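Visitor: Residue numbers (this note's numbering), protein chains in the order written: chain A, 1 to 939; chain B, 1 to 131; chain C, 1 to 455.
Hints in this document: simulated from the structure, not taken from any laboratory. Accuracy of the hints is not assured; some may be wrong.
[What the hints assert, rightly or not] Now the stretches of chain C that chain A is said to cover, found in silico as 3 or more residues with beta-carbon under 8 angstroms:
{"id": "1", "stretch": "30 to 43"}
{"id": "2", "stretch": "63 to 76"}
{"id": "3", "stretch": "156 to 170"}
{"id": "4", "stretch": "303 to 310"}
{"id": "5", "stretch": "418 to 424"}
{"id": "6", "stretch": "431 to 438"}
[Unchecked claim] Restraint ranges, calculated between C-beta atoms of paired labels, are given here:
{"id": "7", "chain 1": "A", "residue 1": "A95", "chain 2": "C", "residue 2": "W48", "range": "49 to 55 angstroms"}
{"id": "8", "chain 1": "C", "residue 1": "V421", "chain 2": "A", "residue 2": "L881", "range": "39 to 45 angstroms"}
{"id": "9", "chain 1": "A", "residue 1": "G265", "chain 2": "C", "residue 2": "G432", "range": "38 to 44 angstroms"}
[Unchecked claim] Residues on chain C that point at chain B, a partial pick, calculated with CB under 8 angstroms:
{"id": "10", "residue": "R25"}
{"id": "11", "residue": "F126"}
{"id": "12", "residue": "I137"}
{"id": "13", "residue": "F140"}
{"id": "14", "residue": "A144"}
{"id": "15", "residue": "G146"}
{"id": "16", "residue": "R153"}
{"id": "17", "residue": "A174"}
{"id": "18", "residue": "Y177"}
{"id": "19", "residue": "E292"}
{"id": "20", "residue": "V389"}
{"id": "21", "residue": "G392"}
Nothing here was measured: the structure is a model prediction, and the numbers come from that model. Heads up, the beta-carbon is just placed ideally off N, CA and C, and yes, glycines get one too.
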Amino acid sequence: MTAVLALLACVGGLAAVGATRRHPRAAPWTALAVTAAVLALLVPAVRGGAVFDAAWIPGWGARLTFEADALGGLLALLAAGIGAVVVGYARPYMAEHLREHGRPLREQVRFFLLLVLFLASMVGLALARDLILLFLFFDLSAICSYFLIGFDREEAEARRGALMALLVTGGGSLLLLVAILVWGALGGSYDVAVLADVGLSGTAHEWAAWLAVVAALMKSAQVPFHIWLPRAMVAPTPVSAYLHSAAMVAAGVFLLLRLEPLLGGTTAMAALPWLGLASVLTGSVLALGADRLKRLLAYSTVAQYGYIVLLIGLGGPAGLAGAAVYLLAHAIAKSALFLTAGAVTRATGRERLSALGGLGRRMPVLAAAAAVVAATLAGLPPTVGYFKDEALLEAALGRGPAFGVLVAAAVGLTLAYIARFWIGTFLGAPHEETASGEGGAAAAAGEPAGASPGLVAPVVLLAAAAVVGGAWPHGISRIGSEAGSAAARETLAFELAYEAGPPLYLALGAWAFGAAVYALRRRWMPLVEALHRAGSALGPEALYEAALRGLDRLSTRAHRLEVRDLRDRIAAILLPAGLLVAIAFAAVAEASPWVIGPVTLEHLPLLLALGVLALVGLTVLRRRTHLGLVLGLTAAGFTLAAVYALVGAPELALVSVLVETTITVLLLRGFRAVPERDLRREAVREGGVGVQRRRDRLAGLVAGGLAFVVAWPALSSPVEPTIADVYREHAHLVHAESVVSAILADFRALDTLGESTVLAAALLGMAMLLGRGWRRSAPTGRSGPEGGRGPGPTDATRVVSGFVLAVSLVVALALLVKGHAATGAGFSAGLLAGTGIIVHHLAHGGERGKTLAVLSRAMPVAGAGLLLALAPLLLPPLAGLPPLAHLPAPGSEAPALGHLSLHSGFVVETGVFLLVLGFVVAALDLLSRAAAWSEEELP
Amino acid sequence: MILALAATVAVLFGAGATLMLSRDLFRMVTGAVLASNAVTLFLVAAGLSPLTAGLRPLTGAPETDPLVQALALTAIVITFGVASLLLALVIRAYTRHGTIDLDDLAEAERAEELDAGEAAGPGTTEREAGG
Amino acid sequence: MIGPALPLLVLWAGGAILFFVDGRRRAIGVSAALLVAAAAVACAALLWTAVVDAPRQAVTGGWPVGVGIRLRADALGTFFALISLVSIGAALAIETMKGVASRTFPALMLLTAAGLVGLFLTGDAFNFYVFFELSMIASFGLAAYGEEPRELRAGVVFALVNLVGSVFFLGSIAALYRITGTLDMGAIAAQMGSDVGPRTLIATLLFVALGVKLGLFPLHFWLPSVYRSTRPAVAAVLSGAVANIGAYGLLRFGLELFPDSVAAARPLLLGIGAATVVYGGLLAISRRSPSEVLGYSAIGQAGYVLLALAVGGPLGVAAAVLYAGVNALNKTLLFLTAGLGGPAVSLAFAVGALSVVGVPPTVGFAGKLELFRVGVAQESAWLLALLVVGGGLSFLYMFQAYQHEHWVPERGSAGSRAVAVGLVLLAVLVGGAALWPEPLLATSRAAADALLGGS
């Protein structure tokens, strides 16, 4: 159907405008063509009123349902029609605007792109019948307006205005989303038509109605959310004209109309007239006192949409049809008025009423056209504006005569402020003094600054439309009643005409009142100004500012606290962890087993070892010097190894001893990078801080307690049997006598490979930290043993170290070869060989040149080891076998080299051996080099 | 026996944690190793059947749970890798800022950051919202 | 058909081979990115199979389950693997185009990826720990990446804090083995006896370990300064890929092994989630450096994941899965723009910001809508209010940061055309995903089924 084609035309239009990136002059023309095309496609679509429906997101139950009914059609046509006028106006305007701001013309491509996107979002919103779809366009329009309001982003005012608009309207959309989802859950569909038939009721429905209403009021800039709209006038004038008439602000009241069948009968709907009236009065009074043209118009928009909200709230034929008519008439009038203001400011460089006047002579055409549209806003015949007030007063009278008079008084205020606008601009004595700002140059040059025709023509066009509408009551009535019927989803009869009746009498009274108000303006102006001041001191705008400031301050304070006391503290993790475990403990302490376990004489050695271990662990805390610290750690490690030996885990014991030794060597090596004085100073400081120390002890206690509370009940609830038995049964299949080796090299080789890769990654990380390109870039300008820290090696050490190296290499080889069968494995062997090389290296004073070649090749050796170890993982899949398949096949005879049986597990072990060997040597080498350059670099 | 194991694990972990809380980067690394050792001990303890746990010297008596031994070996290797990398981090921090004290390090970096901030010029901290 | 191990093997082999070569060469970076892309394609294929057919699984060495290690490519694991690979691949590609500064960078990225994919696909608790450590160690290394590492303090704290997390994690696995006698997750779930005591305590310890990774309040203190101090590509990977460990782990362990504990602790979890959302959002407001804003934002968004998880049920779990993925993509895109300028970068940042706040049709909208649906289904007014407040805060901090970074005098440029194109492509992916979010929804639902069906 063609309505969807119109939407697609918008999307295509985006691409077309985007394509003008290199020819920015073509951008406005392209945009104009797009809006014209959209308009052309929309007209038949609205006539047809067809429905387009397609599957979209079954997971949410959302569908691509579009319907070009009279209501949606009205908004879509308005958006496209006014859009076309605005684009036409923007063509000369933006070029000048960018030139004045010293920005390149190509930026206008972005502007027109956003304008077309804005149009697309409004057309989509107008046509969408699915609420999720509708929400999409609703949000999209907020985003478009954000970027357009902030178009002059180098100006702080523009940035603040844009952010405020986004916060209010974007935040409001969240409420709408909730409402939509609630309705979807209640009614089982997101289709407005379906939901309208379901007949929703209940508390949830009431809540949803309120949320949707608030969202709509935020969008339509109604009190107290109106504050964003005056701020939004910092946007370039075409944007303001569009935003205030057919886009953005109109979306809010359109939403109310669209949702009318759902909202009808709710308390939110019942409150609408009063909410609308509040905006009417606030907006009108503020507009009466405003001095800047655009600000006056912005406040007027608040008031005018207040009338529409009022009308929707009153409901009935007059209310709903009247709302549609009001939307139409106001869109024409307000866009034209903004364009007028822009043309005036462009020509004179002034934007304040107090600095303007007497322009009627210089720009008679503009003045005349502006008079027509001002009359339209004020509801004077024979413009289309008359009908909007006729409908309004008729609907108000439906509420009762008193209400009618109240509304009529408000209508009078419209006349008063718009008279101020027009008379103040075009009549009276011209102001001669030169103003600065936009167009100031032209005024200063003394040229007879008339308004440029390109800027006047659109206003004339809109004024003509207003007059045509005024001459065509039947057509306007039909538009209104059809749109109203579409909103209510039932047929409403409504007729407008120039005829005598209560609405006309009220209108006459209103105009008289308005004229009187205008005439007496000097009397009440101080009062309005006082109200203005009170409003800005205590009103919602002040609240908004205070809220943002308060949030920022709170945020800063919390952040300061975090940085000062928490950020670098491990305790900040341990204490919450302790708290959580304490909560869990409190909940399940009674349900947990707390078994002390058997204690017999046989356990005595183990108990003793554990006792020693605990003591050693505690004494580490008391070590002041770094050397003592490392020795304490080593002692703990060796005691741990003893414990492992006692519980029958000899392989663990062996590995523990080797690892502890290597860590000790690495740590000691690391210390050498730091001069003794720095180490000592740190040790002294560490001992000195009393409060901190006590706090650390406390956190440490918490950590220990936490570990205890989790460990004890877990250890108290063992199960039998475990899967260890399964491994014992399977071990013979993989050519291994030791179950542990079978697990490491075969069954759970994935763990082993992962662990090896951890080492490789650690090595890469160390190289990244300390490497400076780890191949062959030894520190320069250094010779001799280790910068003279400590005495050089003696001959005896050299000789002994040679022996040690030889022995360790032999033992390592033995471990590797025999390991897979019995105790030990590639890891132990690699550690041993690596440590042997290190010792040898250290004994020779750490001179790189003189040590073994393996030192400079350590990284490649490690890498080769990793690749070798990974081979059993990576290669079998190439042959169609599962990764880590044991080769030769489990249970079959493996080829042997003496006692050494060759199979995939052995490949893993050998790879690990090489990797660990390379790791240890390379790590030490890196640390040594770091020690060397720390000496060079630091004072 | 169970209680003794749990208590030892707790003491070791507590000690490691306490060391990690200090400001001295080397002590922190040491603490990390100690805490990791504690959890390895816990892993081994988790494989001890309460009935068979007892004196098993290095000679060929049946092993404790072989699976747990394998897991503990893996865990030890990982600890080893982590400790090495941590050490490299600490050394790098020293060669850059000349301190092994966490607070001094934070201080030095903050000073550096301030320099950078001033270089970026005023207005970088301007608030966007509010007026 | 492909085996579940394929993506893992590709990355692992690639990481091992790159060990030898100089990663600063452009060709190396490109091949690394291609390998990640290949692994991502394999993951996508596995995910597709898992969603429309049945998850594929295999046991290493062809052994029976319990002897070998089970790898399973169910919807949950492959979804997280895919998201993480997208993040890593994008970071690698962008960094390669900018110029890699350190020779070990591509290898470490691949090893991080291998670790992550391994832990997302493994069905074995201890094997999970090993891969977890692999990705952590690799990321410790990455945290120091750059010409001159900026904040080593943050790196040290990062490593130590996560080490505490790892120690807790290993302790939990050991305790699980003690009380169930097995390591395969399915078998653990089946063996979990009736004694509620040890189980609850273990679950708590696991929660802490994973909460540290994810950056849940109050375990998050280390996170913002790490994200701020690392290079953009690394921050993107840390928040877009490595942080997934936390979300995935909470979902996998929490719902597969400890459904009862999660149910019992629901009020507490909801409270922690709510506090995380508010705290992250609040602290992000006053931050000026975009990376720090993003760090706190990541914290806040993690809170949503916990909230949805705690609510539970098919809807809640699906929302948690989806939101975790969404957050990862958002943060990847946003961090990759850090330090760059120009129209393309500004556009990419804007799209990322819109996705964080959840404006349609960005992928963030899908995530936000799912969360709101959870709140509506729960008929929980306070949950909805929290979501609205959190959403409002995110509007404020994201666009404040956006304006501050890209509107106040435009500075910098994208550096190269390739970087700009890459960022825009990623932005299109993030920005347009909710035009047709059905695949994401189907995936998250299948993931929820995988989790809840098993228990």
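Visitor: A separate judgement is required for each hint: does it hold in the structure or not?
Guide: Quick rundown of the hints versus the structure:
Coverage of the stretch 30 to 43 of chain C by chain A is violated. Counting CB-CB distances below 8 angstroms, 0 residues qualify, and the rule asks for three or more. Judged by the Cβ-Cβ criterion of 8 angstroms, the stretch 63 to 76 of chain C is covered by chain A as claimed, because 5 of its residues qualify and three suffice. Three residues within the 8 angstroms Cβ limit are the bar, and the stretch 156 to 170 of chain C against chain A gives 6, so the coverage statement holds. Given as covered by chain A, the stretch 303 to 310 of chain C fails the check, having 0 residues with a CB less than 8 angstroms from a CB of that chain where 3 are the minimum.
Using a Cβ-Cβ cut-off of 8 angstroms, 0 residues of the stretch 418 to 424 of chain C lie near chain A, which falls short of the minimum of three, so the contact claim is violated. With a threshold of 8 angstroms between beta carbons, the proposed coverage of the stretch 431 to 438 of chain C by chain A holds, since 3 of its residues qualify and at least three are required. Evaluation of the 49 to 55 angstroms hint for A:A95 and C:W48 yields a pass: the beta carbon distance comes to about 52 angstroms. Remark: the range hint 39 to 45 angstroms for C:V421 to A:L881 is upheld by a beta-carbon distance near 42 angstroms.
A hinted range of 38 to 44 angstroms for the beta carbons of A:G265 and C:G432 is consistent with their spacing of about 39 angstroms. Evaluation of the C:R25 hint against chain B yields a violated restraint, the C-beta minimum of about 24 angstroms exceeding 8 angstroms. A least Cβ separation of about 6 angstroms between C:F126 and chain B falls short of the 8 angstroms threshold, and the interface hint therefore holds. The beta carbon of C:I137 comes within 6 angstroms of a beta carbon in chain B, closer than 8 angstroms, and the hint placing it at the interface holds.
This hint holds: C:F140 has a C-beta 6 angstroms from the nearest C-beta of chain B, less than the 8 angstroms allowed. Taking 8 angstroms as the C-beta cut-off, the interface hint given for C:A144 holds, the closest approach to chain B being about 7 angstroms. Given hint, C:G146 at the interface with chain B, is violated; its Cβ is 12 angstroms from that chain's nearest Cβ, farther than 8 angstroms. Satisfaction of the interface hint for C:R153 is found here, the shortest Cβ-Cβ separation to chain B being roughly 5 angstroms, below the 8 angstroms cut-off.
A hinted interface residue such as C:A174 counts as satisfied when its beta carbon comes closer than 8 angstroms to some beta carbon of chain B; here the least separation is about 4 angstroms, so the hint holds. At about 6 angstroms, the closest approach between the beta carbon of C:Y177 and any beta carbon in chain B falls short of 8 angstroms, and the interface hint on this residue holds. A cut of 8 angstroms between beta carbons decides the hint on C:E292: the least distance to chain B is about 11 angstroms, and the hint is violated. Hint status for C:V389: violated, given a least beta-carbon distance of 17 angstroms to chain B, over 8 angstroms.
Look at C:G392: its Cβ only gets to about 12 angstroms from chain B, farther than 8 angstroms, so that hint breaks.
In summary, the structure is inconsistent with hints 1, 4, 5, 10, 15, 19, 20 and 21 from the numbered list given earlier, while agreeing with the others.
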